[in-house]
Structures are given as structure tokens and as C-alpha cells.
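Student: All chains, please: the whole structure from these sequences, using the hints.
In order, the protein sequences belong to chains Z and P. For the first sequence, position 42 matches number 41 in numbering that gives the first Met the number 0, and the numbering has no gaps at all. For the second sequence, position 272 matches number 271 in numbering that gives the first Met the number 0, and the numbering has no gaps at all.
Rather than coming from a laboratory, the hints here were simulated on the basis of the structure. Remember, it's a predicted structure, so these values are computed and weren't measured experimentally. Just so you know, even glycine gets a beta-carbon here, dropped at the ideal spot from N, CA and C. Treat the hints with care, as some may be off.
Listed below are the simulated DSSO-like cross-link pairs for lysine-lysine, each with C-alpha atoms no more than 27 Å apart in a straight line [as the list claims (entries may be wrong)]:
no., chain 1, residue 1, chain 2, residue 2
1, P, LYS240, Z, LYS57
2, P, LYS135, Z, LYS195
3, Z, LYS81, Z, LYS122
4, P, LYS240, Z, LYS342
5, P, LYS414, P, LYS85
Quick list of the computed label-pair ranges, beta carbon to beta carbon [stated by the list, open to error]:
no., chain 1, residue 1, chain 2, residue 2, range
6, P, HIS152, Z, CYS238, 19 to 27 Å
7, Z, TYR43, P, ARG247, 19 to 27 Å
8, Z, LYS95, P, ALA127, 36 to 44 Å
9, P, GLY409, Z, ASP117, 54 to 62 Å
10, P, VAL132, Z, PRO162, 52 to 60 Å
11, Z, SER8, P, GLY22, 22 to 30 Å
12, P, ARG389, Z, GLY106, 31 to 39 Å
13, Z, ASP117, P, GLY22, 30 to 38 Å
To list a few chain Z residues with every Cβ distance to chain P over 10 Å, as calculated [unchecked claim]:
no., residue
14, SER41
15, ARG110
16, GLU269
17, PRO285
18, ALA301
19, GLU398
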Amino acid sequence: MAASRQLLSGVRIADFSWIGAGSYTTKMLADLGAEVIKIESSVYPDLLRTSRPFKDGKPGVNRSGYFADRNATKRSITINMKEPRGRDIARALIAKSDIVCNNFAPGVMDRWGVGYADIVALKPDIVFISMSMQGASGPEKDYIGYGMTMTALTGLQFLTGLPDRVPAGTGTNYPDHIPNPCHAAFVLVAALIHRKRTGQGQFIDLAQTEPTLALLGPALLDAAVNGHTQTRSGNAHECFAPHGVYPCKGNDRWIAIGVETDAQWQALIEVLGAPEVLGQPRWRSPLGRLHERGQLDELIGASTRAWDSDQLMRALQARAVPCGAVRDAHDVLHRDEQLAHRKHWIRLEHPEMGETIYNSEAFRFSDALVGPLRAAPRLGEHTLDICTSLLGMPVEEVERLAQQGVLK
Amino acid sequence: MHSMSATPKPTPEDACPPAALDGVRVVELAGDFTPYFGKLYADLGAEVVVVEHPRGSRQRREAPFIDDQPGVETSLAFAYHNAGKKSVTLDIGTEAGRRLFHSLAVQADIVVESERPGALDQLGIGYAALAKVNTKLVLTSISAFGQDGPYAHYAYSDLTLLALGGLLYLGGYADTPPIRVYGNQAVYAASLFAAVASISAYYSVLSGAPGQHVDVSAQQCVTLALENSAQMLELEGTIRKRFGGEQRQAGTGVFATADGYIYLMAAGIASNRFWNNTVAWLIEERVPGAEALREPQWAEQDYLASAEAKQRFGEMFTPFAAAHSSEYLYQAGQRHRMPICPVCTPAQVLQNRQLLAREYFVQVPHAASGRTLTMPGAPYKLTQTPWRLRAGPPRLGEHTSEVLARLGVGADDLKALAGMGVV
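Tutor: Laid out in C-alpha cells, this is it:
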């Protein structure tokens, strides 16, 4: 793409966020062109800096791929927030920013003198978002947790898995990756629009459980309005069958198939070459298939086993049957033709990690550039530059403060 | 175009506070990926006109239904995602319908659609045609795989998108096929990323930049949820698998309680910052064997990941968890500053005291049934421009005459259009 315009250029974010949802939020805004300054501590670094996977399996604060992917394009300054002079520098940085972002427990930013009440006195039009687990108010506001425990608390864990087994969940810290960063990024840009129109900033309290609950609306309405408690149903669909994941040739290879219409069903049996087994007249109607879906799943699985998952996907797609090969990490990186066509994976050069892969964003613009444009910053990589160019501090002072452990 | 430069008048104390997206005009051509997109904008104050086929959008036929009775006005999925929007019926398969859609788009700030890639262009109402008359338009096309590429026209469902995006593989149990996350999450992911991209494009338009065509791939949105699994392969050569029902590392996972389940993360993520809290609590509870958790090896990530550590932790913790209620374990564990949460059912979520204290759930009038529906409310609390659900869900075509009147369509014209099946 030839465009060099970035949609959020000119927006500066003082980013205190770490680990999951907060870092993902500001990463998205950085990819859209905002200047994101990650305020870190080398005494207590972002836990993802010390999390696997590491380049070549060798630990190091600048070697984690987990950290790198969600901090690309940002700049990093190290400040010791326990030092009064450190807090002054952080406040000076915020005074030159449009947005402050953090995902600490309530009270942490206030204890450092950079809570909303402190900042609004200094910069009245600041847009300030706090993304604690359960919000800034309420009896359980100080409770701690991660994406996985939020998944449990919100009901998503309970609803995911098999009815006769322990709730399985997504296997990931799902709220960190979709519900929370997307809601946070959306509301931050909305608040910037309000500020552009009125000059007014504001405080945004995002409880990380609440956007996740917003994505469970129908289940919650079913409980509230009809008194139904939905439960786990594996891959089954309440209205259509077959709808499931079926084995393919090879070790742990699968294909997902969801048939909605009679025409798709007919096409499925023809492609699988099993008309004598699956061609029963009672299965030619949606209800007939739904009533005996367990039996259908077994018979379909017996046929799909002989197929390579990609070959079967292509054959079924040629007949417009909704299906998709189940992709593992190798597949999404190296086998999926569509992700390759979209250039989903990009490679960025990092001084310690060399060239490694990063997710791109899921959106493309007709006339704007979208990142990530630079690899993740090394811990404190931009401390000197930010202090001198942005805050106007003399080089000697920055060096002295670094030695004294203030900029550390 | 609505002017965005005017400063709103000061708000009297008794009036509604301003909304962040007051006056922003969004046209949503109802499709598979659009409903939550439109909701995000409507609840921050934009006027969202949802354009439905005269027979009603697909979501009107989506379960669950009020009292389990399917009908065009009874879908709870529709009610939740469309409350606060204006419903206009329009068949864009007709020439007159296309002209009206075109006129709506000309007056809009943002148009969102999730038709088959290229379909709007074929109808003469794609980005090229609309941008010619509305140079500031943000047109957002959300599709399963993006607007082009080898899979662009593949048939899909939420399940198949989770499969091709890679998230499905990580869900489920080691001894079963992969199992999907509940509730159309691939669809939500596409709506959400598209909403962020579109509002950013609109923000730049307010600063004088031209409009944009935004192209969003649901598959890529799912791939963004793979946590560190691509990097695990790239950097360490490991393929992450599914582990439902097992401890991910010692002390992290689901445990059965006397009345349900809890999720425990005894060590936290990528560190053992909470391990000592967990151990202190278990010792205080006089859990047999808890003293042994003080041994130095439990501070090591590699040991926590070992089968031996998982087994030892499980043998010690499982009987303790099984003897207590989820609520007891949640409150006691959190008092000791450890990440532990109950695995809640939807009914329990509705009674969650923290959510009730924050007035999370809202009561929404449902005109078609005369009922009041309880649904999730603000996903974020803003001090100046609060989230607000402006109205209940619209009846099919409830706002057709109101909205088309703005385009100069009078009552007689409307009758004629209805007779032709356009509206």
C-alpha cells in the first residue's frame, strides 16, 4: 500500500499498562498511528518480558515473543515510580499526552500520584482509562485475576466444553485478546472525538469482566427473561446438524463442518462418497438430522478420517458446504493460503531477537497505513530520547538520574 | 453531512449528559457481522439506522426467543444487539431500494456491511460509487476472510472461522476433538475490530482526512486471539495444544467444589508472585500437605510445569476444594490476595453482587411483547459521556417512514414502494 497516512497520528499515549488487555489495547492504537510511550520499570518489568517463548529458548527481558507481539511499535521508558523525581518525570510526560492507559488494580496509580484526580489538575482535557479486573467501584473492586479467571467469573468457561465434563474454556486468556482491548480502543477513540468537539477530557472505568459479559448477551437474556440456564454443548448447534469437528488423516488433524440447509447436506454426502450410509430419507430434513445428530457425527467422522483436512475443505467448499480445516500454530503460520494472501504475519527486525514474526491487524484501509511498523522496544530503549527530545531534559541529568536509579 | 465542529450547548443538570458520538450517522446494512458493531456506536450516541430486508434481518430468526416462541419480534439475540437502533426495511435487490440505500449512504458518516465480497459493487452501491458522492464516507466491509484472496468466497459459520483462525484448536480436552468457545465469538471479534478501525477512520475524517474503505477479515480477528501460540512455534518449536480439565501448570486450572467449580491461578501468569499467598492461605486452612508447598522447587517455572508438581498439587488441593462451596473459596482466596474465581452459570452472573453494585444490568422496554428485558449494560463507564441504551429494540421497519422522509420520500411514495415490495 502506497499510503503513508496513519489514522491516529498526532495522538500520544502515556501507557502504564502491562501483561494482557492493556498492552493489547495500546498496541492496536499504535498500529493505527498513535505514539505510545510504555512506562516500565526494570526493577519490576512487565511479566510478559520474562514469559516464554524466548528467542532460541534463552530467557531475557528483551527476548520474549509473548511480550514482543503485543508491544510492537511502542517506545519504552523506564521510570522508578517509587522515587518522587520519577513521578515528576511521569507527570511531565502525561502533561504532553492525550491519553493515559493502565490496567492495574484500583489505587495503584493514585499511590504513585498519577491517578485521575492528580492528572486532571495538571492536564484538564486528559482522557484517562483504568482497566482493572472488576472496576473502580463495588465490593469486589480489589479482587485480583487474569483473563482465565475472568472467563470463569463471566460464565464463558461454564458454557464452553462438554456437558458431562469439567468446563473447558478457550484454553487461553480470551478476555485479554478480544473483548477488552477492542472495547477499550473503541471507547478511547470515542472519547478523543468528544474531546475534539468540546475540549473536554474524561475518566473511563473499564472493568475487564464487563466487556466479556457484553459478548454473552443472548445467554444472559435467556436466563433473565426465560429462566433458562444454558449449559455446555460441545460443538453442537441448537438448530442445525451436523455441526461439529471431525477427524482427518494424520495425528490430531480435524475439520469443522456446519450444515444448515438440505442442499448442503446432499453435497456433503456426495463429496464424502457415502450415499448408501448417509442417504437415509429421514435425514433429508433439518429436524431429522437434528434428532439423530450423535449418530450422524459418528458416521461422518468414519468417512472424514480418510481425507486430508485441506483437501476435504476444498472439495466441500467447491460445493458451498460451510467448513474449515482446524488450524494449529504451524498451519496458521505456514499452511493457510488466505492468511498468507492477507500478509497476516509480518517479520520485523529486533536488535536482540533478530527478525521474528508479528501479527498484523485484521483490518486494511483503502488510503491509510496500518502497523505494526517497528519491533517491540527493548526495556528502556527510548528513555534518553524521550527525556531529552520530548521533556527537554539535559543529557547529563538523564544520565545522572539513570545512575541514581530514578530512570530505571 | 452533519457538522461536527459546533460546540454543544452547556447541559442543564436535569438533562441527559452529552454522548460521545452525538450526531454521528451510521447506516448498518444488517448482515452476519454487523449487529454488535452497530450496537457499540448506538450506545455511545450515534444514530444507527439498521437497514433490514422487508422480511427482516437474519438475526430476527436467531434463538433464544421470548418464551421460546420464534417470531420476527421475539428474538432475544435481535433485541440485545439492536436496541437503540432505528429499523428501516429496504430491499437492495430492487432498483428503487438501491437508490434509497445510496441516498442514505450519502448522508452517512459510517456505513457498515457484511455482504459477500464484491456484492455491493455489483449492485452499484460499493465504495467506489458511494465515495464519489460522499468523499468523507467511511465504508466498512466486514467479511469472513477479507474482500479478496483464495478463501474470499468460502462458505462459513462461526465454528469454521474459529477453526481456520486457529482458536478452535486450543479449546477442548486433550482426549476429544477441539471444542469451540461458546456464543459466536468469531462474529463478535469481527464486529469489534471493525468498530475500532472505523471509529479511527472517522476520527481522521474529523481532522480533514478523506474517507476510507475499511476491509476486515473475521478469520484474522480470530488469529489475534491465539495468545503466544504462533510465537511458541516460531521461537521454541512447540505447538500449543488443548488442555481443558487439566492443570495448565501446578495450581492453575478448574477444580470441582462442593457446589460447582472454581478457577484457580495459584502462581499467576509467568511468575510465582501469588504462590506464597496461596500457600499461606492453604496452611491457615490446615489443608493436609500444604506445608510442603513451601519447598523452594515450587518457585521454579519448570517444576510447576512438571507432571509431578501437578499431581502433588492436585492430590493436596482437590479434596479441600471439594469440601467447600465456590463462594467460600472465592471470598477466602481473594482475602488472601490470590487469583481465584468461581466458574459461574449465567443465572449466577445475574446475581453477582459486584455487578449489581455497579448497576451493570439494564432494564429495557420491549414494545412488541410489552415485557421489560434485563440485559448487559455499560461495558465501560465514562464520566462525561456515559454509555446509554437509548431505546428498546425497533419493530421491523418501525422507522422506515421517519428515515425515508428525510430523503424526501413522502407518504404516497412510501405506499407505492411498499406495493412494489421495496420497503
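Student: Range first: 36 to 44 Å. Now tell me if the beta carbons of Z/LYS95 and P/ALA127 are that far apart.
Tutor: holds (41 Å)
Student: Is the gap between the beta carbons of P/HIS152 and Z/CYS238 within 19 to 27 Å?
Tutor: 24 Å Cβ-Cβ, so the 19 to 27 Å window holds.
Student: Has the given pair, P/LYS240 with Z/LYS342, been kept, meaning a C-alpha gap of at most 27 Å?
Tutor: Distance of about 25 Å is within 27 Å: holds.
Student: Please verify that the nearest CB of chain P lies beyond 10 Å from Z/ALA301's CB.
Tutor: holds (14 Å)
Student: The output says Z/PRO285 does not contact chain P. Does that hold with a beta carbon cutoff of 10 Å?
Tutor: holds (13 Å)
Student: Regarding Z/TYR43 and P/ARG247, is the given constraint of 19 to 27 Å on their beta-carbon distance met?
Tutor: holds (24 Å)
Student: Just want to verify: Z/GLU398 was marked as not at the interface with chain P; is every Cβ pair farther apart than 10 Å?
Tutor: holds (31 Å)
Student: The output says Z/GLU269 does not contact chain P. Does that hold with a beta carbon cutoff of 10 Å?
Tutor: Given that every Cβ of chain P is farther than 10 Å from that of Z/GLU269, nearest at about 15 Å, it holds.
Student: Using the C-beta atoms of P/VAL132 and Z/PRO162, is the stated range 52 to 60 Å upheld?
Tutor: holds (54 Å)
Student: Just to be careful, I want the Cα atoms of P/LYS135 and Z/LYS195 compared with a cutoff of 27 Å; is the pair within it?
Tutor: Cα-Cα ~17 Å, so holds.
Student: Would you check whether the claim that Z/SER41 is not at the interface survives, using Cβ distances to chain P and the 10 Å cut-off?
Tutor: holds (15 Å)
Student: Regarding Z/SER8 and P/GLY22, is the given constraint of 22 to 30 Å on their beta-carbon distance met?
Tutor: At roughly 24 Å between Cβ atoms, P/GLY22 and Z/SER8 fall inside 22 to 30 Å, so the hint holds.
Against the hints set out earlier in the document, no violation occurs for any number.
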